[in-house]
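Going by full-length UniProt numbering, the residue at position 96 of the sequence shown is 96; the numbering climbs one at a time, nothing skipped.
For the record, the hints were derived by calculation from the structure and aren't laboratory data. Incorrect hints may appear among the rest.
Simulated pairs of lysine-lysine, DSS-like, Cα-Cα distance not exceeding 30 Å [said to hold, decoys possible]:
#1 673 x 449
#2 673 x 509
#3 490 x 476
#4 277 x 530
#5 632 x 449
#6 130 x 372
#7 241 x 530
#8 476 x 194
#9 130 x 433
#10 368 x 358
#11 372 x 353
#12 509 x 368
#13 530 x 497
#14 509 x 530
#15 338 x 358
#16 701 x 497
#17 264 x 530
#18 277 x 264
#19 704 x 509
#20 241 x 338
#21 368 x 338
#22 390 x 277
#23 433 x 303
#24 476 x 509
#25 701 x 522
#26 433 x 347
#27 347 x 372
#28 358 x 303
#29 509 x 277
#30 241 x 476
#31 449 x 130
#32 476 x 530
#33 449 x 476
#34 704 x 490
#35 264 x 476
#36 372 x 358
Because the structure is a prediction, the values reported are computed rather than measured.
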Amino acid sequence: MALNVPEFAQTQLALLAAELAAEVAESAALVALHSPAALQRAGVALTNLVVAAQRTGLGGRTVLELARDPALGVAGGGKGGGGAGGREQGKENELPEHGIRTGDIVLLSEQPSGQARKREVRELERRGVKGVVTRVGNAVVAVAVDEKAEDREGDGSGGVGALLSGEKRVWIVKVADDVTFRSRMNATMERLAKMGEAEYSPFIRVLFGLSSPSPVPADLSRDPEVGEIEWVDPTLNDSQKDAIRFALASREIALIHGPPGTGKTHTLIELILQLLKRNQRILVCGPSNISVDNIVERLAPHKVPLIRLGHPARLLPSVLNHSLDVLTRTSEAGAIVKDVRAEMDAKQASIRKTRNAKERRAIYADLKELRKEYRERERRCVSDLVAGSKVVLATLHGSGGFQLRDEQFDVVIIDEASQALEAQCWVALLAAKKAICAGDHLQLPPTIKSLNSKMTKPSSTKGKDAAAAADEPTIKGATLETTLFDRLLKLHGPSIKRMLTTQYRMHEKIMRFPSDELYEGKLIAADAVKARLLRDLPYEVADTDDTTEPLVFIDTQGGDFPEKNEDEQQDAAGGGKKLTKSSLYGDSKSNEMEAALVRQHVRRLVDAGVKPEDIAVVTPYNAQLAILAPLKEMFPGIELGSVDGFQGREKEAVIVSLVRSNADGEVGFLGEKRRLNVAMTRPKRSLTVIGDSETVKKGSKFLKDWMNFLEENADLRYPDLSSLSQEA
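With the hints as constraints, model all of the structure from the sequences given.
Structure, rendered in structure tokens:
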């Protein structure tokens, strides 16, 4: 069914406003309801810091280097966590364990005292600044501050200057990134809403169902334009070649459906190279930095002239040489900004040497002018570099930056399109004449935090922006979970899609259920992977029951392994409500006995010779992850993660803890088949599922079918309680 474009855009604006309100409220509640010390224990903050140094970073931003206050003596706590690295005995002033990563958005502000009232805390936050974490070391965290915060320097309203005055302690806490929501997606939707029908290109008309896609010949192998292709990689399988031919032949839109392990990125690299042979200008995007960086890494060896846009703090080190920031410094054009940067560094250094408020204000005024000049010169340099590039890569949000303003592309390729908000996709789509979207709509969609993500009427949105958006007509039943990939497939049907069918990840037995239930039985395991086991790893592994079985089901049925919610867990421990990583975002479920079975199975694999770094434990529940955390100390290198967080990843051996076990047969969000699809398609050689079949079977037909499949096809085991108590 065709969509009314202005109505679609207004609906997206209202949904985005509700989502932003939910994200900001959640972030604000964390800071308001919990002390800095509690937030640090939960891994989302670092306290008792001082500004150790400041310098000019890439893009002319001020970078503050934060270290632990030396007046506190030796830092306590165990091993360094998150990005902080391990703690070596005897080293002083290392940061405590934390979960802050490079690329995180943080609020940096003066640290409130333990007795500070809420109003005082809010004032300190108002005077704080937002920034991006650019580096995390054992003893230092570097934060590039927000441009608006730089412009507040020295004017008395807070900003960087307020943080540097005096010797007061500061702290950082992870917060919601509201900038991208406000500027990029909203601006794009507003542009669509105001666009007149006469401005709709044939491409836009197809994407909204106002026109049908141009037909593509049934047998493309005989097509005069794409039939005879000189492949860069002749080892591509038939489904990959067919998908590339289809994408080249399509005039407006092509979907490449890549189930787990089918070489989707490999296919996209060949597609980009073939488009370049046809002298096409290409914009390559994805919803996350890692999705874009993976393409840069694989494209770079082909010596393709490319530019990667994005904040350098968020890029993989291996792709930095292709980043716009590095090219701006190393190219001939980059010399024009070098002298201004040197002058800015000198000014930054002089700030810390003066205690005179008047002198400090004068230095900030000079810095503000220098920064303006630096950015103007840098913009000219960037414009020249981008205009001369045939392949530009950026996140979907990043494609809306000033660097690509007024730039046009023949094709936009969106990787992981089934994990991106549709409004995100449109930031890039308006710069192109054709789109190729790759993804798997049968895995998890983007995470939506607004409690009521379905659009019914304005009451579900909060705040000024939400209210304004909600005054406009909206599409009933719309939700941010519906991606562009989903919508186009429903709109135009399978004629716009090609599926990759040979998978190179899983043992055939692991692949069978998801293939039959979700992928129409079309997946084929490549010869190299279809029978490989843990005992065949390229290092010595013993021949045991655990290393020769690709599919194991440990069935805890019978009620001996009951689930707990967090309150029960805390009551059993005799304590009050404690802030932990698992409790930050609402209630969660855990299962102590199931966790013991996980530990037992991991130990057996490791004892048989499987390296811990080849093992992952995944579960849908954060509270279960918290209980399993000691595994990291027991088996350094092992990976623990939520099912949602493990999407796109793979390991030789994966253990899935289902957690749910109750008399009512309640399974909660475990019943989402896309979540289970992610869980069961991560392993290469070994999948072990631990759960209560009696409970899980009651959740849905899909769950019942899966339990029946495991009972009939897996190595079925029942836990021995006595062996668990002996291990404990």
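To see whether the hints hold, each was checked on the structure:
no., hint, in the structure
1, 673 x 449, "holds, 19 Å"
2, 673 x 509, "holds, 19 Å"
3, 490 x 476, "holds, 17 Å"
4, 277 x 530, "violated, 35 Å"
5, 632 x 449, "holds, 29 Å"
6, 130 x 372, "holds, 20 Å"
7, 241 x 530, "holds, 22 Å"
8, 476 x 194, "holds, 21 Å"
9, 130 x 433, "violated, 37 Å"
10, 368 x 358, "holds, 15 Å"
11, 372 x 353, "holds, 24 Å"
12, 509 x 368, "violated, 63 Å"
13, 530 x 497, "holds, 26 Å"
14, 509 x 530, "holds, 8 Å"
15, 338 x 358, "holds, 28 Å"
16, 701 x 497, "holds, 27 Å"
17, 264 x 530, "holds, 19 Å"
18, 277 x 264, "holds, 20 Å"
19, 704 x 509, "holds, 18 Å"
20, 241 x 338, "violated, 47 Å"
21, 368 x 338, "holds, 17 Å"
22, 390 x 277, "holds, 11 Å"
23, 433 x 303, "holds, 26 Å"
24, 476 x 509, "violated, 43 Å"
25, 701 x 522, "holds, 21 Å"
26, 433 x 347, "violated, 46 Å"
27, 347 x 372, "holds, 14 Å"
28, 358 x 303, "violated, 53 Å"
29, 509 x 277, "violated, 40 Å"
30, 241 x 476, "violated, 40 Å"
31, 449 x 130, "holds, 21 Å"
32, 476 x 530, "violated, 46 Å"
33, 449 x 476, "holds, 19 Å"
34, 704 x 490, "holds, 27 Å"
35, 264 x 476, "violated, 34 Å"
36, 372 x 358, "holds, 22 Å"
The structure fails hints 4, 9, 12, 20, 24, 26, 28, 29, 30, 32, 35 (numbered hints given earlier, in ascending order).
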